[in-house]
Amino acid sequence: GAVVSQHPSRVICKSGTSVKIECRSLDFQATTMFWYRQFPKQSLMLMATSNEGSKATYEQGVEKDKFLINHASLTLSTLTVTSAHPEDSSFYICSADGTGGNGYTFGSGTRLTVV
Amino acid sequence: GENVEQHPSTLSVQEGDSAVIKCTYSDSASNYFPWYKQELGKRPQLIIDIRSNVGEKKDQRIAVTLNKTAKHFSLHITETQPEDSAVYFCAASRFGNQFYFGTGTSLTVIP
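Chains as they are written, first to last, in this note's numbering: chain X, 1 to 115; chain F, 1 to 111.
Simulated from the structure, these hints should not be mistaken for lab results.
It is possible that part of the hints are untrue.
Examples of chain F residues toward chain X, derived with CB under 7 Å [to be verified]:
#: 1; residue: 43
#: 2; residue: 44
#: 3; residue: 48
#: 4; residue: 101
#: 5; residue: 103
#: 6; residue: 104
We put the beta carbon where it would ideally sit given N, CA and C, even for glycine.
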């Protein structure tokens, strides 16, 4: 149980375009989801906390207009990187918590490369 | 917010020896401390965790200790094996699910 699916696993996009990453809780309802970013050989940095049906809470230094988070249902949260630039290239990973999960389940991650 | 520091950043041990990784945290309200193992390009995997009402927890070759007064906790791996080689992250959390991670320790177990 407590499976979190993240899609896509890898994406390459051109600079200036937008990319959407999906995070789904497959066997439980996720009232809260977290988005992290991990640069090569660095730690996971919390970007934002999203709650179903309400606006996401962003960590200091994370641009909410650039990283759009939508958590419209109890099983899906999306992160859209708008007007992507090469410096946005990173490993993005979500974590979901909910009534059925244990609060500590990570998605498989998305490797974003902006060229 | 919470600030988690982790040491060392790299650690090499001979197979069979023990490995110890240490973390400190700043928020005295943090009450949950998980440890994750991450292999290259993969998601972090929870290996052990401890809550603030416990001082020590052990699971086979892995143990974690917590000193709430000093605000530090440590991961201990005994009888290390080559498959233990990975990056290990500690984390601290106030509510049990919003994590602040340490900077990671790259562990290499030499056969």
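Hint check against the structure, violated hint numbers in rising order
3
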